[in-house]
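Start from the sequences, fold in the hints, and give me the full structure.
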Amino acid sequence: MSAEPTTEPRGDSAEEPLMVSECTACGYLAYPPRLLCPGCGGSSWRPRPAGAGVATEVTVRRPVFERRQLPSGEWVEEEPTRLGAVSTEGGVRIIARLEAGIEAGGRVALVRRDGVAVAVEGS
Amino acid sequence: MSAGSEARIVGAAEATYERHPAPERETETFIAEAVVAALADAGIEHGEVDGYGVASFSLAPDHAIDLTWKLGLTVNWLMEDTNGGASGVNMLQHAVRAIEAGDAETIVLSSGDRLDKRDFHLMTDSYNKAVRDYLARLPLSGPNALFAFITERYGAAHGLEREDFACVPIAQRAWATMNPGAAYREPLTLEEYLDSVPVAPPLGRYDCVPIVSGGDAIVVTSAERAARLGRPSVGVRAIRALYNPDHQDGNGIETGFSTIRDDLWAAAGVRPEDVGAAFVYDDYPVMVLVQLADLGLIPDGDVKRYLHRTLLEGRWPVNTSGGQLSAGQAGAAGGMHGLVEAIRQLLGRAGERQVEGLELALATGYGMVLYSHGACHNAAVLERHS
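Going line by line, the protein sequences match chains A and U.
All letters in the first sequence, in the order written, are residues 20 to 142 by the working numbering.
All letters in the second sequence, in the order written, are residues 4 to 389 by the working numbering.
Because the hints were derived from the structure by calculation, they are not lab data.
It is possible that some hints are incorrect.
Stated by the list, open to error - Ranges between beta-carbon positions, derived for each pair:
#1 U:129 - A:132: 18 to 28 Å
#2 U:124 - A:71: 30 to 40 Å
#3 A:139 - U:183: 49 to 59 Å
Unchecked claim - With a Cα cut of at most 20 Å, we get these calculated SDA-like pairs of lysine to any residue:
#4 U:132 - A:133
#5 U:120 - U:28
#6 U:132 - A:132
#7 U:120 - A:97
#8 U:132 - A:52
#9 U:120 - A:83
#10 U:120 - A:81
#11 U:132 - A:57
#12 U:132 - A:48
#13 U:132 - A:54
#14 U:132 - U:64
#15 U:120 - U:135
What the hints assert, rightly or not - Looking from chain U toward chain A, a few residues come up when the C-beta cut is under 10 Å (computed):
#16 120
#17 132
#18 138
#19 139
#20 153
#21 200
#22 253
We treat Cβ as the ideally placed atom computed from N, Cα and C, and that holds for glycine.
Structure below.
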């Protein structure tokens, strides 16, 4: 595979496992994607599932503006968002939205939903 | 133009930071005011300037050359720095080397941004492609949540609670009571800190810099020119820098400052304990600690004790303007704010907050959060020449 980033945002519709980029030469894992591998300077990447992880730190981000306008013109209240730093078994740290119930230290799986990384309850 | 000379900083100034600038006060307005004030502080004439550097997040579609034209300058050396919190020390490094090589003799370095709350968030949502494509839609607007994680991680590693991190903004605010230019000038109590509006726990309002509009500028010239001015000047004993040391794979609490530390002090020919004040980039209290520790100013590693005994009770001078946490962050000017205060202190021009007999100071730059933490680290050891 070429240096084309394989984790490019693809649109909002599907939920799929979160993918990271693996250097085909040395196995270095990158997220977000890179051009040249920091490990070996290589430019060949393949997609690989992020794998299971642990939410090492969590927070509840307060919205900056109390209301925002949707494309329809409707104004909605901004909600606080649960966010976490997730350390995957492959050693990649991913910043993700957290589903309800995930606390610091919790095991998670990572999916791509709404164009972003989301941590869901893992096993 | 000389054949090359040691560099001396001879002036430093700040265009008063404003929380609600009038519509006609643009980024370039603040930059120009800071430049004029810095030249006046230095005693250098506008026509002598032969080098110019600028750092800003909001010049577009203008660039350094446009500002050179608008500032009425003709220069032999020109740079635009895009490294935010690290831009001041980065530009200083390049300016010093230019003067040492004889590429220019009298360089003005400037930084500034006009930013209201909405401008700031428009900027942070498209800060770089990684933020735009991977973080902004979480939603994440600005790095507060990222530094909440870093604060939590550092607290867990060093046994620190909110009451301990509080020492940084409380100590800095005490200095800010003597800084008429600071956004927050009242003393901060532990109760106020703990009860403040949560932003992204464990971070509350007073863990975050107030967003302001403003500008900063410094004037660097040759040692010969500085001597003819007949006033004190500031020499640069050493500057070291490290960019993208860990490809964002690291934990953000053990930083590139550790890597450059030994070389910085060896090149400076002094030890961390020899400096009388430190001006560390303070986007968040945790990063003040990380830099002080990683650069060797907490030799026993007992960060908790340092916070309470040295910083809070002892009032050892860190960020004597109150830092950005009190004075405000005017975009890229945040990367020069600490340098300006360091220079004022070393030149004996810090007024009520003067650190008596200050000879040596440390000034740092940090920032450019690519994905999870800052990628830029730089530091300068500065000394007074009477």
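Structure-based check of each hint:
Look at residue 129 (chain U) against residue 132 (chain A): about 22 Å separates their beta carbons, and that is inside 18 to 28 Å. Our hint of 30 to 40 Å for residue 124 (chain U) and residue 71 (chain A) holds, since their Cβ atoms are close to 34 Å apart. A hinted range of 49 to 59 Å for the beta carbons of residue 139 (chain A) and residue 183 (chain U) is consistent with their spacing of about 52 Å. This hinted pair checks out: residue 132 (chain U) and residue 133 (chain A) have alpha carbons roughly 17 Å apart, not beyond 20 Å.
Between the alpha carbons of residue 120 (chain U) and residue 28 (chain U) the distance comes to roughly 15 Å, so the proposed pair stays at or under 20 Å and holds. At most 20 Å may separate the alpha-carbon atoms for a hinted pair to count; residue 132 (chain U) and residue 132 (chain A) meet this at roughly 19 Å. Pair hint residue 120 (chain U) plus residue 97 (chain A) holds up; C-alpha atoms about 16 Å apart against a cutoff of 20 Å. Among the hinted pairs, residue 132 (chain U) with residue 52 (chain A) is consistent with the structure: their alpha-carbon atoms are about 11 Å apart, no more than 20 Å.
Distance check on the hinted pair: residue 120 (chain U) and residue 83 (chain A) sit about 9 Å apart at the alpha-carbon level, within 20 Å; holds. Distance check on the hinted pair: residue 120 (chain U) and residue 81 (chain A) sit about 15 Å apart at the alpha-carbon level, within 20 Å; holds. Annotation: proposed proximity of residue 132 (chain U) to residue 57 (chain A) holds, straight-line Cα distance about 19 Å (limit 20 Å). The hinted pair formed by residue 132 (chain U) and residue 48 (chain A) meets the criterion: a straight-line CA distance of about 19 Å does not exceed 20 Å.
Our distance criterion of 20 Å between C-alpha atoms is met by residue 132 (chain U) and residue 54 (chain A), whose separation comes to about 13 Å. A hinted pair counts as satisfied when its Cα atoms are at most 20 Å apart, and residue 132 (chain U) with residue 64 (chain U) qualifies at roughly 19 Å. Annotation: proposed proximity of residue 120 (chain U) to residue 135 (chain U) holds, straight-line Cα distance about 18 Å (limit 20 Å). Annotation: interface hint on residue 120 (chain U) holds; nearest CB of chain A at approximately 8 Å, less than 10 Å.
Given the 10 Å rule on beta carbons, the hint for residue 132 (chain U) holds: about 8 Å separates it from the nearest Cβ of chain A. At its closest, the beta carbon of residue 138 (chain U) sits 6 Å from a beta carbon of chain A; the interface hint therefore holds under the 10 Å criterion. The criterion of a C-beta within 10 Å of any C-beta in chain A is met by residue 139 (chain U), whose closest approach is roughly 9 Å, and the hint holds. A hinted interface residue such as residue 153 (chain U) counts as satisfied when its beta carbon comes closer than 10 Å to some beta carbon of chain A; here the least separation is about 8 Å, so the hint holds.
Interface restraint check: residue 200 (chain U) against chain A, minimum CB-CB distance 8 Å, threshold 10 Å, status holds. Taking 10 Å as the C-beta contact cut-off toward chain A, the hint placing residue 253 (chain U) at the interface holds, the least distance being around 9 Å.
When the structure is compared with the earlier hints, no violation turns up for any of them.
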